[in-house]
Amino acid sequence: MFAVRRIAISVGTTVAVLAVLIGAWELYRWIWISAGWTWPFLVDDTSMPHIHTIVRALFEHPTSGFGDILIVQLLHAALFTAKEAAVGFALGAVFGFTLGVVMSQWRVFQRGFLPFVVASQTVPILAVAPIVVVYLGTLHVAAWFSVAVIAAYLTFFPVAINTLRGLLSTDRRAVELMRSFAASRWRILWTLRVPAALPYIFSALKISATACVVGAIIGEAPSSIQDGLGGYIVNFNQYYTLNPQNLWATNVIAALLGISFFLVIVIAEKLVVRRAPEHVA
Amino acid sequence: MTARRQALDWAPAAVVLVLTLVIWQETIAVFDIKRFLAPQPTAIASTFWDHRSELLHAGWYTFQEALGGFAIGCSLGILAALVLARWRGVGRALMPYAIAASAVPIIAFAPITNAWFGPFGKTSKMAIAAVLCFFPVFVNTLRGLTSVRPASIELMRSYAAGEIDIFRRVRIPTALPLLFTGLKIATVLSMIGAIVGEYFGGSPNALGVLINSRNATFDFEDAWAGIGVACAYGIAFYLAIAALERIALRGPSTED
Amino acid sequence: MSVVEIHKLTKRFERGDVLALQDIELAIEPGEFVSLIGPSGCGKSTLLRIIGDLIQPTSGTVTVNGKPAPRARADHDYGMVFQDSVLFEWRTVAKNVALPLEVLGWDRSRRKTRVDELLELVELGGFGDHNPWQLSGGMQMRVAIARALSFDPALLLMDEPFGALDEMTRERLNMELLRIWAASKSTVVFVTHSIAEAVFLSTRVVVMSARPGRVADVVEIDLPASRGALTREETRYFELVTQVREALHLGAELDEAVAQ
Numbered sequence: 057m058f059a060v061r062r063i064a065i066s067v068g069t070t071v072a073v074l075a076v077l078i079g080a081w082e083l084y085r086w087i088w089i090s091a092g093w094t095w096p097f098l099v100d101d102t103s104m105p106h107i108h109t110i111v112r113a114l115f116e117h118p119t120s121g122f123g124d125i126l127i128v129q130l131l132h133a134a135l136f137t138a139k140e141a142a143v144g145f146a147l148g149a150v151f152g153f154t155l156g157v158v159m160s161q162w163r164v165f166q167r168g169f170l171p172f173v174v175a176s177q178t179v180p181i182l183a184v185a186p187i188v189v190v191y192l193g194t195l196h197v198a199a200w201f202s203v204a205v206i207a208a209y210l211t212f213f214p215v216a217i218n219t220l221r222g223l224l225s226t227d228r229r230a231v232e233l234m235r236s237f238a239a240s241r242w243r244i245l246w247t248l249r250v251p252a253a254l255p256y257i258f259s260a261l262k263i264s265a266t267a268c269v270v271g272a273i274i275g276e277a278p279s280s281i282q283d284g285l286g287g288y289i290v291n292f293n294q295y296y297t298l299n300p301q302n303l304w305a306t307n308v309i310a311a312l313l314g315i316s317f318f319l320v321i322v323i324a325e326k327l328v329v330r331r332a333p334e335h336v337a
Numbered sequence: 093m094t095a096r097r098q099a100l101d102w103a104p105a106a107v108v109l110v111l112t113l114v115i116w117q118e119t120i121a122v123f124d125i126k127r128f129l130a131p132q133p134t135a136i137a138s139t140f141w142d143h144r145s146e147l148l149h150a151g152w153y154t155f156q157e158a159l160g161g162f163a164i165g166c167s168l169g170i171l172a173a174l175v176l177a178r179w180r181g182v183g184r185a186l187m188p189y190a191i192a193a194s195a196v197p198i199i200a201f202a203p204i205t206n207a208w209f210g211p212f213g214k215t216s217k218m219a220i221a222a223v224l225c226f227f228p229v230f231v232n233t234l235r236g237l238t239s240v241r242p243a244s245i246e247l248m249r250s251y252a253a254g255e256i257d258i259f260r261r262v263r264i265p266t267a268l269p270l271l272f273t274g275l276k277i278a279t280v281l282s283m284i285g286a287i288v289g290e291y292f293g294g295s296p297n298a299l300g301v302l303i304n305s306r307n308a309t310f311d312f313e314d315a316w317a318g319i320g321v322a323c324a325y326g327i328a329f330y331l332a333i334a335a336l337e338r339i340a341l342r343g344p345s346t347e348d
Numbered sequence: 196m197s198v199v200e201i202h203k204l205t206k207r208f209e210r211g212d213v214l215a216l217q218d219i220e221l222a223i224e225p226g227e228f229v230s231l232i233g234p235s236g237c238g239k240s241t242l243l244r245i246i247g248d249l250i251q252p253t254s255g256t257v258t259v260n261g262k263p264a265p266r267a268r269a270d271h272d273y274g275m276v277f278q279d280s281v282l283f284e285w286r287t288v289a290k291n292v293a294l295p296l297e298v299l300g301w302d303r304s305r306r307k308t309r310v311d312e313l314l315e316l317v318e319l320g321g322f323g324d325h326n327p328w329q330l331s332g333g334m335q336m337r338v339a340i341a342r343a344l345s346f347d348p349a350l351l352l353m354d355e356p357f358g359a360l361d362e363m364t365r366e367r368l369n370m371e372l373l374r375i376w377a378a379s380k381s382t383v384v385f386v387t388h389s390i391a392e393a394v395f396l397s398t399r400v401v402v403m404s405a406r407p408g409r410v411a412d413v414v415e416i417d418l419p420a421s422r423g424a425l426t427r428e429e430t431r432y433f434e435l436v437t438q439v440r441e442a443l444h445l446g447a448e449l450d451e452a453v454a455q
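Protein chains in written order, with this note's numbering: chain A, 57 to 337; chain B, 93 to 348; chain C, 196 to 455.
For reference, chain A alone in the conformation it holds in the complex (with noise of 0.2 Å):
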């Protein structure tokens, strides 16, 4: 079976590659210690700790005793982040996308609120993160809710734009097609202009996924939620010279989150969007 012999060379390319990365890692230490070498950074045991002493940490008891095996800790806080991201997500996804849809179908939205949209993108809105998850704090606003907000902003826009240029660029003759049997304006909306939008969209969505983790982590960080990763990254931060593999055991951790969501909506894409296959040089 073609299917099976794909994933298994897949699976197989993976390994190769993240033996390749470890072997890197290893060699690079192993090099610029024996060497000595100080540029661009020292190298020892705190700056780049051995890989096996990163894993072992993870089975091991971070809080001296207490509590579950680090890797356990990890990945509850990488559910309670997850959460917060996803829950944004959505929100910034459904918005973004009605958002799209309006300003595609009135001029006016459109050049009301398109010029913001745009320039919005060039906001450094991570930056923001912080200031908005204390704030709403003084509010009274659940911590978590408020880091799903910042998720729900970095999502909200790319989709929006992305929506509305893929509802634009329908082909003009399918248009005159849908007309031709005297489709309405709405029907050609979501036959035709949706569908062939899609694309465009779920670009928009792969990025977001990934924005979205990235903004739960840095809202997390400043206002210390301590269930979170972003909590975690500042704890072990505060802790790094004396136990260097937990943060990036954390680190590790926080990336397989980032890489899961951004699989999910590659996922998603191939079984929603169906396209001719690409032929390029």
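A couple of the hints might just be wrong.
[To be verified] Derived pair list, reagent style DSSO-like, types lysine-lysine, alpha-carbon separation capped at 30 Å:
id	chain 1	residue 1	chain 2	residue 2
1	C	K307	A	K326
2	A	K326	C	K290
3	C	K290	C	K380
4	C	K307	C	K380
5	C	K307	C	K203
6	A	K139	A	K326
FYI, nobody ran anything at the bench for these hints, they're computed from the structure.
The hints should help you fit chains B and C onto chain A, whose structure is shown.
This is chains B and C only, laid out in the frame that chain A set:
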């Protein structure tokens, strides 16, 4: 297009802007929200004006970090794209991993770069900015270099052009628009990387540190004024690259 | 009653102030196969779209089935086929054919029956579950024709549907179109660049000239109703092709005379 027509085109946007500011201002006034909780736009503006020197200097400090990271990250991204476009098999195999790597929350590594390069220097934030800039530039440039129409390649081969020639005359011009798309994304990311990196620790001269400390003491007006400065630098950076793009892409485009 | 009646039709495009059509008079009877042929810019595609109410005329009247064109469109009196088959990539072949029926609100079982019928008619039975990109250009065009016929319109408007296909596929599809036309008993208005195609398919060929677009000549095609591959080798066929060709050149000469 007549001037009147242009003015009419921008009218709805102006209306939205004015309405938003007015509603913001009035809601706070009407509901008598405490000043320290929610700043009015006028308050933010006056705070900015009072502290403009400090804010702009801090912004410049942070912008240097962003610029440095941008330069490093984009160069590496272009280089990597050129290399992988030349050896297509490797490129195709590694693409999914590059895309997955871009899904990693890079900024979460800010504490680690602080440990490596010291939290008070510019280097640690430049490193974050560089990694953030690398991926969009790499992915977009690679896509541009490899999305040439087969017919164009065949044409060049019919002139017995070598690989390098094909690169120069066809692939690179095709890649330029996408390269600039990546660069524009990178300008935004570089500023974010620098500022958010500073949230995890940085020099007191830095904008991110300033924003963070004002935030911690609930000086929201100051914090928002700082954000405004960050936005201004970010938008200026973006527009500069966009202007560069217009110059570089002047003339008829080679591919759609 | 004529299927299509066009009276003093004029179309001027604002952009570039182009007079695309001037004082067109045309009547098409039920069951006819009328080709519109002419050089680029003679307005034949514009005329087709005006009949289909996709473009509005500047002045003059267009009636389809005794109604003004907009009402005819709302009543689904005609189906259109374009040079690009315009199939939706995200739908299977069967769902593409069913598209107008969905818009018309037919229920699922009725749609399925009709789609199966149509795919048999265009000899694509069994391809219903394929994706559009898996079909050749000629097959995609047959799907587009099936789709246009799905709600059994009285009038079929076709804008150079075979223009993007190679000569051999084109001739084969010409014969298929005649078969489908006979089976569906519809009226066809067919825009083409090819003199051979126009003469082979039509009962009447309307020759148009450009700048401004007008009817230069009308050639009655008196070939027998049932036509096949051998028809293209008959003497009468060549005579008619020559007649149309000369009408086209006559139209072109008029152009030059007017231009001077």
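Results for each hint:
1. K307/C <-> K326/A: holds, 27 Å
2. K326/A <-> K290/C: It holds: about 20 Å lies between the C-alpha atoms, which stays within 30 Å.
3. K290/C <-> K380/C: holds, 24 Å
4. K307/C <-> K380/C: holds, 22 Å
5. K307/C <-> K203/C: violated, 43 Å
6. K139/A <-> K326/A: Since the Cα atoms of K139/A and K326/A sit roughly 24 Å apart, the hinted pair holds (cutoff 30 Å).
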